[in-house]
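S.K.: As a plain string of letters, each chain reads:
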Amino acid sequence: MFKQLFRKHEFIIGLILIGIIIVIGLINPKFLSLANFFSLLRSATIMGIFSMGALIVLISGGIDVSFTGIAIFSMYTTVTILVNQNYEGGMLLPFVISAFLGLILGLINGLIIGVFKLPTMIVTLGTLSLFRGAMLFFVGSDYYNQAELPVAVKEFARASLFTVDTASGKAGLHPTFFILVFLGIVVWYVLKYTMLGRSFYAMGGDRESAERAGFNILRTQLIIYGFVGLISGIGGMIVGSLFRQANPFSIVGSELDVIAAAVLGGASITGGRGSVFGTLLGIILITIVNNSLVLLGIPSEWQKVVVGFFILLGTAIPLAQAHLARERLVRQRIEI
Amino acid sequence: MENSVKQNPSLKDRMQSFIKNGNGNIVRLLTAVIIIFFLLSVTRYDTFLTVRNMQSMAFQASEIGILTIAIMLTMISGGIDLAIVSTANLSGIIAGLILTSMVPLGSPPVTVALGMVIAILAALVVGVVCGAFSGYLIAFWNMPAILATLGTSLLYKGLGTAITGGSTIFGIEESQFIGNGLVLGIPFPLILLLVVAIIIGIITRRTRFGLNLYMLGTNPTASHFSGINNRQILVFTYMISGILSAIAGIVILGRTNAMNVDFGASYVLLAILIAVLGDVDPAGGSGSVIGVILALVALQFLSTGFNMLLFRSSGANFFKEFAWGMLLIIVLIINHLSAKRRANKTIPEQE
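Residue numbers (this note's numbering), protein chains in the order written: chain B, 1 to 336; chain L, 1 to 351.
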């Protein structure tokens, strides 16, 4: 039974994660406090929301690097519109506008990729530059600070479901965590129990076969990239709110961290494999590496080396497993 | 082959067969370059057609040109090297560190020369090692090139950050010649780019390695079964890519005299854009140095044109970011449609 478990990628990543938590906790007990836990969750939530989109794209055999561009475009444009209208209402409208803008940009990606059957990474590299350039040139490039943001957006940053008192002040669980939980359950359900989810895996496994089997590839790709755009719009708004500023130069550049987390969690870059659970484990691992190496006494300059190392490790594990499985098969045949 | 059978083919015939052999994009590019050059020369003759402007364009284009040739080789092999910029930065940082520690201000010429040679050699070695490691992961671990080089680019960038502590590394006065010097009025980086282009052109078109590289990119299984050592070719390709990145790094160090791990983050996109514009197939198996150079010239003309039209305001850079993204996608679509038309045409002919 143990052997079976070791063949599961999520199990190995989970073990590594527990090992790291124990080591950091032993060296610096502060790490295991509830306050630190909440603050880690807060950083992991944003990446986690983006990672659900990255996961679906990876499963379908593509790679989308434009979602940070979509997120920043949607958030910044929404804030610009609201500020110009002197908006004073609730938080729902900002989310709706931002999600809608994201959806449109995502559909543009989907159309270009689906209609012309172009390589996804190069197309999205292009649209990343296109979206960000369009925002900076046509919408604006000055950032809105805390005083200029709409009230609802500011207030949302302080929202908290329950708080604990710590030595350094209050720490709380932010409601966006439940957006991630909800999103995770939806994506998990779609991937596991619906025909749509099957079509993602089928496409990533073998596009030609999926097409012959009757899946409408163009429609599936529009759904995938539209969905990525939609949640990027929502994620962008959360970024603007939690950091309490609309900075047009933020997030772009962090897309590779998110993709790395999904890969680390077992999503295959060549498509056809990946799970919500594994991806979230990957996100937690990368968040801990990014935030907690300092607690171990490792200088922050070495963080990128460690992240790079983990990406290579995360890619190498499934390859090594596949290699071992092949050898086992060969050995069995010889014995027979 | 056909040409040798036909006797004295007319110029028109030769042009047609040249275009037919898949060089249509090169002809299109050349036309685009000439048109843009003509338009800018007529509308902005006072600023565009000056020696100074030509020199400044050559300085800007050279380092990105060398990086594009590096990424082109890996794209021909069917992969991609996303680590070019971080390799260039790491090499430049090492070279800068050696120069500043070995050659203090006011050193005799012998020390300067020795320091320069050692710094350049060290940078090249760093480039080779970086490339070889990426190539090793791709060839021996069967890692997808995108992921392997994504990981290594973070690794090299991280190493650069760890070595410098995030601060900027400076060069010395003498090393600035590599980035800013003029030889008979020709910028030195441009000479480097031309030498690199000629050598890589010869390697890809005239050597066994080049032929094997194209075969590997077209169909790795077929090349494996025809006795080509795929792994060796892959590692070698990424090693060359690493050396070229290191050369670009030395040029950057010379030009800016200040090396930083965050330098040139947008260069990867730009290199891919130029390669695709120059008709390098991202799926592997085709691409040429001539195409890349033409695309580089076209893009540099456009870039200068935008700057002149937008009066060098900061908006020009934002507009360029927008335009490069748009251009990349339009070129991808055009190349795709023309490849499809070509495929449709050849099928009835065979029947």
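Among the hints, a few may not be true.
Claimed, not checked - Quick list of the computed label-pair ranges, beta carbon to beta carbon:
| hint | chain 1 | residue 1 | chain 2 | residue 2 | range |
| --- | --- | --- | --- | --- | --- |
| 1 | B | G214 | L | N219 | 23 to 31 Å |
| 2 | B | V139 | L | G165 | 48 to 56 Å |
| 3 | B | V181 | L | L337 | 40 to 48 Å |
| 4 | L | S167 | B | R158 | 30 to 38 Å |
| 5 | L | N229 | B | V294 | 43 to 51 Å |
| 6 | L | V42 | B | V186 | 55 to 63 Å |
| 7 | L | N219 | B | F182 | 19 to 27 Å |
| 8 | B | V96 | L | G165 | 42 to 50 Å |
To be verified - Residues of chain L clear of chain B, computed beta-carbon distances all greater than 12 Å:
| hint | residue |
| --- | --- |
| 9 | T31 |
| 10 | F37 |
| 11 | L49 |
| 12 | R52 |
| 13 | M75 |
| 14 | T161 |
| 15 | N180 |
| 16 | R208 |
| 17 | F225 |
| 18 | R231 |
| 19 | K340 |
Claimed, not checked - Subject to a maximum C-alpha distance of 27 Å in a straight line, what follows is the list of computed DSS-like cross-link-like pairs (lysine-lysine):
| hint | chain 1 | residue 1 | chain 2 | residue 2 |
| --- | --- | --- | --- | --- |
| 20 | L | K345 | B | K117 |
| 21 | B | K8 | B | K154 |
| 22 | B | K117 | L | K340 |
These are calculated hints, taken from the structure and not from any lab test. Here a beta-carbon is modelled for each residue, glycine too, at the ideal position from N, C-alpha and C.
S.K.: Does each hint hold? Answer for all of them.
M.R.: Quick rundown of the hints versus the structure:
1. Distance hint check for G214(B) and N219(L): the Cβ-Cβ separation is about 29 Å, which falls inside the suggested range of 23 to 31 Å.
2. Distance hint check for V139(B) and G165(L): the Cβ-Cβ separation is about 36 Å, which falls outside the suggested range of 48 to 56 Å.
3. For the pair V181(B) and L337(L), the supplied restraint of 40 to 48 Å holds, since their beta-carbon distance comes to about 44 Å.
4. Between S167(L) and R158(B), the C-beta spacing of about 36 Å keeps the proposed range 30 to 38 Å intact.
5. Checking the proposed 43 to 51 Å range against N229(L) and V294(B) shows it holds: the Cβ atoms sit about 46 Å from each other.
6. In this structure, V42(L) and V186(B) meet the distance hint of 55 to 63 Å, their C-beta atoms being roughly 58 Å apart.
7. Restraint check, N219(L) to F182(B): a C-beta distance of roughly 46 Å breaks the suggested window 19 to 27 Å.
8. Hint check: V96(B) to G165(L), Cβ distance near 45 Å, so the stated range 42 to 50 Å holds.
9. No beta-carbon of chain B is positioned within 12 Å of the beta-carbon of T31(L); the least distance is around 23 Å.
10. Every CB of chain B lies more than 12 Å from the CB of F37(L), the least distance being 24 Å, so the non-interface label holds.
11. For L49(L), the requirement that its beta carbon stay farther than 12 Å from each beta carbon of chain B is met, with the minimum near 28 Å.
12. A cut-off of 12 Å between C-beta atoms confirms that R52(L) is not in contact with chain B; the least separation is 28 Å.
13. Taking the minimum C-beta to C-beta distance to chain B, about 10 Å, the non-interface status of M75(L) is violated against the 12 Å cut.
14. Not every C-beta of chain B lies more than 12 Å from that of T161(L), the closest at about 5 Å, which undercuts listing it as non-interface.
15. No beta-carbon of chain B comes within 12 Å of the beta-carbon of N180(L); the shortest separation is about 29 Å.
16. No Cβ of chain B approaches the Cβ of R208(L) within 12 Å, the least distance being about 29 Å, so the stated non-interface status holds.
17. Here F225(L) stays apart from chain B, with its beta-carbon at least about 19 Å from theirs, past the 12 Å limit.
18. With a closest Cβ-Cβ approach of about 15 Å to chain B, R231(L) is found to remain outside the 12 Å limit, as its non-interface label requires.
19. At roughly 9 Å, the least C-beta separation between K340(L) and chain B is not larger than 12 Å, which violates its mark as non-interface.
20. A hinted pair counts as satisfied when its Cα atoms are at most 27 Å apart, and K345(L) with K117(B) qualifies at roughly 20 Å.
21. Among the hinted pairs, K8(B) with K154(B) is inconsistent with the structure: their alpha-carbon atoms are about 43 Å apart, more than 27 Å.
22. Under the criterion of a C-alpha separation no larger than 27 Å, the hint pairing K117(B) with K340(L) is consistent with the structure, at around 11 Å.
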